[in-house]
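Residue numbers (numbering that gives the first Met the number 0), protein chains in the order written: chain A, 0 to 536; chain B, 0 to 405; chain C, 0 to 380.
Honestly, the hints are just simulated from the structure, not real lab data.
By construction, the Cβ of each residue, glycine as well, lies at the ideal position given by its N, Cα and C atoms.
There could be a bad hint or two in this list.
27 Å max Cα-Cα, derived DSS-like pairs, lysine-lysine [stated by the list, open to error]: (1) A:K298 <-> A:K118; (2) B:K143 <-> B:K114; (3) A:K509 <-> A:K54; (4) B:K323 <-> B:K351; (5) B:K316 <-> A:K476; (6) A:K122 <-> C:K24; (7) C:K274 <-> A:K54; (8) A:K129 <-> A:K118; (9) B:K132 <-> B:K143; (10) A:K298 <-> A:K253; (11) A:K62 <-> A:K253; (12) C:K274 <-> C:K24; (13) C:K24 <-> B:K143; (14) A:K54 <-> A:K129; (15) B:K119 <-> B:K132; (16) A:K118 <-> A:K54; (17) C:K24 <-> A:K129; (18) B:K143 <-> A:K214.
If we take Cβ atoms under 7 Å as the criterion, some of the chain B residues that face chain A in the derived model are [unchecked claim]: (19) L244; (20) I246; (21) H263; (22) V321; (23) D325.
Label-pair distances were calculated between CB atoms; the ranges are [to be verified]: (24) C:T26 <-> A:R136: 30 to 40 Å; (25) A:L316 <-> B:P333: 35 to 45 Å; (26) B:P343 <-> A:T393: 22 to 32 Å; (27) B:K351 <-> C:S267: 28 to 38 Å; (28) B:P97 <-> C:P278: 54 to 64 Å; (29) A:G483 <-> B:L315: 30 to 40 Å.
Take a look at the letters that make up each chain.
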Amino acid sequence: MASDTLTLPTEPIAEPAPPAPEEAAPPAAPVAGDDVILSVRDLRTYFYTYDGVVKALDGVTFKIRRGETTGLVGETGCGKSVTAFSVTRLIADPPGRIMGGRVLFDGANLLWRLETEAKYVTKPNTPRVKVRRYFRRIRAADTRMTAIRGRRISMIFQEPSQAMNPVFSISNQLGEVLLLHRGIEIIDSMLSATPGNPEVAAAIDAVESATARRKRDELITAAQRLGQLTGSTSFGAEAYHTARAAPPGSDDLKPRLLRAMGRLRLSRGQRQYLAYRRRVMVLQRELSQVYLEEMRGEKPLNAERRQLQRRILREQLTHFYYGVWGIRSQFQRALTTETFWRTVQLLEGVSIANPAQVARGYPHELSGGMLQRVMIAMALSSDPDVLIADEPTTALDVTIQAQILELMRDLRQRVGTSILLITHDLAVIAEVADRVCVMYAGQIVEQGPVADVFRQPLHPYAQGLLASIPRFDQPDKELQSIPGSVPNLITPPTGCRFHPRCPHAMPVCKGERPPTTVEGPDHTVACYLYTGPVAPE
Amino acid sequence: MESETAPTVLAVRNLRKHFPIKGGLLSTQIGAVRAVDGVSFDIRQGETVGLVGESGCGKTTVGRLLLRLIPPTGGHTFYRPPDDALAQIDQLYATLRPYANQLDDGRRVLSPRAKEALAKLDVLANEYSLYRKSRREMHELRGKLQIVFQDPFSSLSPRMLVRDIVSEPLTIHHSGTRAERYRRAADLLRQVGLNPEHEWRFPHEFSGGQRQRIGIARALALRPDFIVLDEPTSALDVSVQAQILNILRQLQVEQRLSYLFISHHLSVVRAISQKVVVMYLGRVVERAPTDQLFSSPMHPYTQALLSAIPIPDPALKRERIVLKGDVPSPAAPPPGCHFHTRCPAVMPVCSKVDPPLLEVRPDHFVACHLYPQAVVRPAAGAAPEGALVAADAPEPLDAPFVPTAS
Amino acid sequence: MTALVPTATSAPGGRRPNPRIAQWKRTWYFLRGNTLALIGLGILLLIIFVAVYASSTSISWIAMTSYCGTNQQAGGPSTCGPGYPAICTYPAGNPPPGPNCYQTPKENPSEVPPTWSLHPLATGPLPLGSLTVNPDEQYFFSTYQGLLRGADWSLIISVSVVATGALLGLLIGAVSGYLGGSIDEGIMRLVDIFLSIPQVLFVIIFVAVISEVHPSILGLSTTASAMLELIIAFIVTWWPFYARVVRGQVLVVREQKYVEAAQASGASRGRIILKHIVPNSVYPVFIQMSLDVGTVPLFLGVLVFLGFRIFPNPYFPEWGSVAALSVNELTAFLQTCQTISGCVIPWWQLFFPGLALFMYAISVNFFSDGLRDALDPRLRR
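Build out the structure end to end from the sequences listed, making use of the hints.
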C-alpha cells in the first residue's frame, strides 16, 4: 500500500476553471481607504407577525473590503443571519420587510426602489401592522438581484446535507452551477479544442508510460502537456484521473484515452447547438449587466431590458427543437462530459481525494465535511467577489471543522475572495477572520481588527462574551455568564439594547442609542462609556 | 479529593452494543454495527465524568445504555456496588481475561476455574447489575437515573404546558396529589433559575437556554443520583452555555449529583469534569483525570482532538495536527486499532493487533501500541484478543502538549 | 431564524392567562383572514342548521306538501295524520282509481315508484319516496323536502363514519407504529387484509345479512338499527387508511427526544402513546378526514344508484340516494317526453341533491384547509 505513488497530489492537476485573480494580499492590518466592495449602512429589517413587529435589524452598518475575511459574530437571535439575507434580499417577504438603509455593492444600490414595494398601516390598539405589498415590484427587485446572487455574492449554509438535492449526482448539481456562471468560457474552450494536433499521440504515450511505471509527478506533467496540446485542460484532468483509476497492469489505457478524446471532435450539429447555447448565455449575461447598471445608476433601463428579454425569447423560440429532450440529449453529451471533468477539477481545488468518484456519487454518500467542501466549491465556481458563509462549521465535528477552516484559509490565500463569516463561535473567528463585527439584538456593538477586539474588547457585551468562553488552555478561568437573556425584539429596550444586562449601565443608556465612535485604528464601538470621535458614515 | 473516597454510583464494565444490519431475502442479519465495543469506567458520587468523541464514536449510545433505555449486547453496568463487591468483580474479570476469546465465541467448554469465576460473577451481577433488575425494580430506579438531552427543541413535548412537562415524572410515579406535584414543579423551576409563573406557557415560547433549564428541572423531579447530560450545551450560545454550566455545577454541589457529561467540545468538558473518557469508534482510547489528560494527552487521537479545537485568541499560533480523511463507518471498522487509518504515528502492528487499555501512568489509561507497558495493572474488563501482558515501569513519555504563544 | 418568536422573558403581571384560549384566539385571527375558509365555514354552518331544524321538527315549519300514502286499495283505511291528503296505490295493470293513486310493481307491492311531475316546485304531488320505513305509512316528498330532510342523514352518516374510523385508525396506527417489531408487522398485515376487502361488496353484504338476522339491534327501531349497521360497515372498511397514515407519522414522532425522556422517567407504553404520540400525530389525520367527509355520502349514492337497497326504505331521504334514484326517473322522462308535449324533464331532482353534496364536500375542504393553515406552527406569521 505504501508503495503506491499514485495518490492524489494536494495541488489540483490543472488550473480550475475560474482563473485566480491577480495578487490577493494576505491582509495583516487593512489600511483605511482600502477597496470596499460591500458597504452596508443603517440597514433595518422588520418582521410583521401576529404578535407584533419584530425589529430584527435596527441600523446595521459595516463594510467589507476586497480580499478580507470579516467575521459577524453574535448569539442566536442577534440578527446575523438576517443581515446576510437582507444583503442578498432573500428575506421571506411575508412576513419580513427590509425597511431602509443603503447596501452598496460595487457601486450598485441593492435596495433601489425599496420604498415603492410596500405600504404600512398601523392599527390602533394592537401591536400589529398591516402591510400592503406590491408583489409585482417585489418580484422585479428579485429578478434584478439574480444578477448578483450566485454570481457576485455567493452563500453557503449551515447544513450542507440539506442544501443539496438528494436525487441528483454531485457533478450534476455542481455542473449546473458551473454552466450557469462559466458557460461561455466552457463553450469557448470546447469550440477551440485541437484534438487533431499531431503531437497528441506522443503525449498519450507519455501518459501511458508514466502510469505503467507508477510515477506520479511524471504523470501529472504528461497529463498537463496533453491538456495543453489538445487545448482543453479538462481533458488533461480526465486523462490523469482515468490513468489513476486504471487497474495496475492493464494495457488498454491508450485506447481508452483515444476514445475519450473523441469527445473533443465536435460534429456540425453539436457545434450549432453549442453556438446556440453560447448565444443565449451571452444574452443572459448582458441582461444581468443591465440589471446591475440599473442598480448602479438608480435609473430604470426598460428599453434595454425588454429588448434583451425579447431577444432571448426569440432565440429560444426559433430553436424550439432544442427543447425536445431527445434532440437535446444528442447534442448535449459533449457538453455534459466537459462539465463533468470541470467539476472534477473544482473538487480537486477544495482538496477532495478521489474527486472523480465523488463527482459521480450522490449527496447521501458523502459525510458532512465533504459536503461542505462541495458547497464551497459550488459557491466559488462563479468566482464571486463576496462569499457569505452562514455558520459553515457549526454542524461538523471538531476535527472536520479544523479541516474546513484550513481549507478556507488556504482558499483565501489562493483565490482572494472576501468572506463574510457568520458564526456564534468566537474561536472560529479568531482562527480565520481579519476583522470582526460583534452584534447584539440587531445592532453592531463593536467592530475592529480581530487581534484588537480579542485582546481588548471595549463593549461590555463583547467583554462578557469573551469571559464566558471556556478555554481548555486556561482551566482555572471562571465561566462568567451575562445575566438575563436576549430581549424580546417586538418590544426591545430603548436606547442601547444591551442596557438591561450591562454591568456598567448608566441613565443615559436608556435614552438614545449610543453613537458609533472610533476608539482605535479602524476599531469602532457603540457605547456611552467611550467618548471618541463619532465614526464617519 | 473527596471524590476518590466517595461511593461508586455506576460501574460500567465491558459494555457492548451491536446493532444488527439486516439484509438479504428474509432480512437475516448480515453484519453488525459495533456502536459500543467494550467500554469500562466508573462514576463516583458527586463526580462528573466527561465522555468525549466525535460523531459515530458511540458516546450517545453509551449514555442510553447506562440508563437501560436500550438493552446491551454484552457487559454490565453495576448500580451502587459496595467497594468490596466492586473489587471482587474486577478480580473476577481479571481471572476471566485469558478466556476472552472463548467467551466471545460462546463456546461453553471452559476450565473449571473459568466456570467458577463466571458463576460468581453471575451472582454479583444479579445483585447489582442494572440489566438484571426486574421491571418493578427498574421502574423504581428510573427516578434515580435521569437524562438531559442535547436538542432543547425536540426534548419537550410541544403540546404540553411546562408545568405538565416538569411534573410528568411525578405523575408517572404517582407521588403526591396533583396540587403537590404542581407545587414541586414550581419549586423545581425556581431551582433552575426560571420564574415559576412561566409554567403556564408552551415550550415553543421559550429560548433555547430556558428550554434546556426546563429539561434539567424535569430531570431533577424525582431526586436522581445520576444524570446523563447528552451534549446539553451544544445547541446553545456561549453565554447561555456558561449559565447552564454554572447551574449544573451548583446543583451538583447542592444535591450531590453525579454527571456523565457527553460532549465533543473539549473546552466545555474541561470546565466541568473531573475525569475524562475519550472514545473512538466504540472503544475507549484514553481515560484520565481531566488535568492530566489536557496537560499530557498520550493517545494520538486525543492529541489531534486537542489541537483541532479553535482557541478564541488570535495571538496564539499553534502547530495543528489535521487528520486526513473522515471517520470510518462503525459498521466496517478498520481491523486492529480502529484509529490506524488516520493516525499520524501509525506502525505496522497497528493494523493487525488491537491495543489493550493499559494503565500507563497512575489512573491514566491509554489504548495504543505506542505505550505497550502498563505501570500498575491492566484496566478492568476483558481485554480483546492478542492482549499484551503487563510488565514493569514505563518508558519516558513524549513532551506534554502546550499551545505556544507566538 | 428562531429568534423572531418572542421569548417569554417578562412575567405576565399577576393573573394567569390561559394559554390555550390565547391559542384559539390566534387561530381565529388567521381564519378570519382566509376568505375561502370563511365561506366554507358559512356553508357548513348553514347545512348544520338545516339538519338540526329539519330533524327536530318532523313536519317542517316551511309549508311543505307532504302526502301520506297507503298500500291499500283506494278508499282503504288511512293512518295518516290530520291535514295530509292521502294517496293510494293500486296493483299494476289496473286502472287508477283516483287522482292521487299510483301503481305498485307486481313483484314488490310495498314499493311505489315515482311518477310524472309537471310542476316541479308547486303543490302538485311529486312522490320521490318515503320519509319513514313503515310500508303502511309512506310520506312522499319533493326535491326541496328531500334536501332538507337529507341534510341530517348525510351529516350523521359522514361524521360518524369518519370520526370513528379516524379514531380507530389513530389508535391502531399509533400502537402499531410505536411498538414496532412483530406487533407492527402483524397489525400492518391486518390493515392490508382490511384494505383488500372491496368496500362496495362488503357494505352491501354486511347490511343485508345483519339486517336479515337481526332486524333490530340494541333495541333500536328498524331505521336506526339499519343506519347503525350501515355506519359500522363503513367504519370497518374505512379505518385502515387512517391507520396507515398515522403509522407513518408515528414512526417520526417516536424518535423525538421527548418520548425518550418520558421513557427515561419510567412512563408506561400506554401513557406514552396516549399523551405523547397521539397528540403529535393527528396532523395527517385531519387532512384525510376532511377529504373523506365529502366522499362518504357520494359513496352511498353510488351504492344506491347501482340498485342496492341498503337503506331500510328504497326512497330514503338521503342526498346520495335521492340523487341516485332520480336518475331512473330522468331516463324514464327522457323517453316519454319525446311524445308528450309540455313535458319538463325534472333535472332538478338530480341537480340539487348533487349540488348539496358538492357544497358539503367543498365547504368541509375549504374550512379544514383554512384550519390547518391556521394551526400550522411552521408557517411564519
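Each hint, compared with the structure:
Taking the CA atoms of A:K298 and A:K118, the gap is about 22 Å. The hint holds against a cut of 27 Å. As the CA atoms of B:K143 and B:K114 are separated by approximately 34 Å, the hinted pair breaks the 27 Å bound. Note on A:K509 and A:K54: the hinted pairing holds, with a Cα-Cα distance of about 17 Å set against a maximum of 27 Å. As the CA atoms of B:K323 and B:K351 are separated by approximately 21 Å, the hinted pair is consistent with the 27 Å bound.
For the hint pairing B:K316 with A:K476, the CA-to-CA distance comes to about 20 Å; that is within 27 Å, so the pair holds. Taken as a hint, the A:K122 and C:K24 pair is honoured in the structure, with Cα atoms around 18 Å apart against an allowance of 27 Å. Straight-line distance between C-alpha atoms of C:K274 and A:K54 comes to about 37 Å, which puts the hinted pair past the 27 Å bound. For the hint linking A:K129 to A:K118, the alpha-carbon distance of about 8 Å falls within 27 Å, and the restraint holds.
Proposed proximity of B:K132 and B:K143 is supported: the alpha carbons are some 14 Å apart, at most 27 Å. Taking the CA atoms of A:K298 and A:K253, the gap is near 59 Å; set against the 27 Å cutoff, the hint is violated. For the proposed pair A:K62 and A:K253, the alpha carbon gap of about 54 Å is over 27 Å, so the pair is violated. The hinted pair formed by C:K274 and C:K24 meets the criterion: a straight-line CA distance of about 24 Å does not exceed 27 Å.
The hinted pair formed by C:K24 and B:K143 fails the criterion: a straight-line CA distance of about 41 Å is larger than 27 Å. For a cut-off of 27 Å, the pair hint linking A:K54 to A:K129 stands: about 15 Å separates their Cα positions. Of the pairs offered as hints, the one joining B:K119 and B:K132 holds, with about 17 Å between alpha carbons and a cut-off of 27 Å not exceeded. Taken as a hint, the A:K118 and A:K54 pair is honoured in the structure, with Cα atoms around 17 Å apart against an allowance of 27 Å.
Proximity of C:K24 to A:K129 is assessed by CA-CA distance (about 18 Å); at most 27 Å being required, the pair is judged to hold. Taking the CA atoms of B:K143 and A:K214, the gap is near 64 Å; set against the 27 Å cutoff, the hint is violated. At its closest, the beta carbon of B:L244 sits 6 Å from a beta carbon of chain A; the interface hint therefore holds under the 7 Å criterion. A cut of 7 Å between beta carbons decides the hint on B:I246: the least distance to chain A is about 9 Å, and the hint is violated.
Annotation: B:H263 was flagged as interfacial toward chain A, and the flag holds, the nearest CB pair being 6 Å apart, inside 7 Å. At its closest, the beta carbon of B:V321 sits 6 Å from a beta carbon of chain A; the interface hint therefore holds under the 7 Å criterion. Restraint check, B:D325 versus chain A: the minimum CB separation of about 5 Å is within 7 Å; hint holds. The hinted window of 30 to 40 Å between C:T26 and A:R136 holds, with their beta carbons roughly 32 Å apart.
Restraint check, A:L316 to B:P333: a C-beta distance of roughly 59 Å breaks the suggested window 35 to 45 Å. Roughly 27 Å separates the CB atoms of B:P343 and A:T393, a value that falls within the hinted 22 to 32 Å. Here the CB-CB span from B:K351 to C:S267 is close to 50 Å, at odds with the stated 28 to 38 Å. At roughly 55 Å, the beta carbons of B:P97 and C:P278 sit within the given window of 54 to 64 Å.
Evaluation of the 30 to 40 Å hint for A:G483 and B:L315 yields a pass: the beta carbon distance comes to about 31 Å.
Hints 2, 7, 10, 11, 13, 18, 20, 25 and 27 from the list above are not met by this structure, while the remaining hints are.
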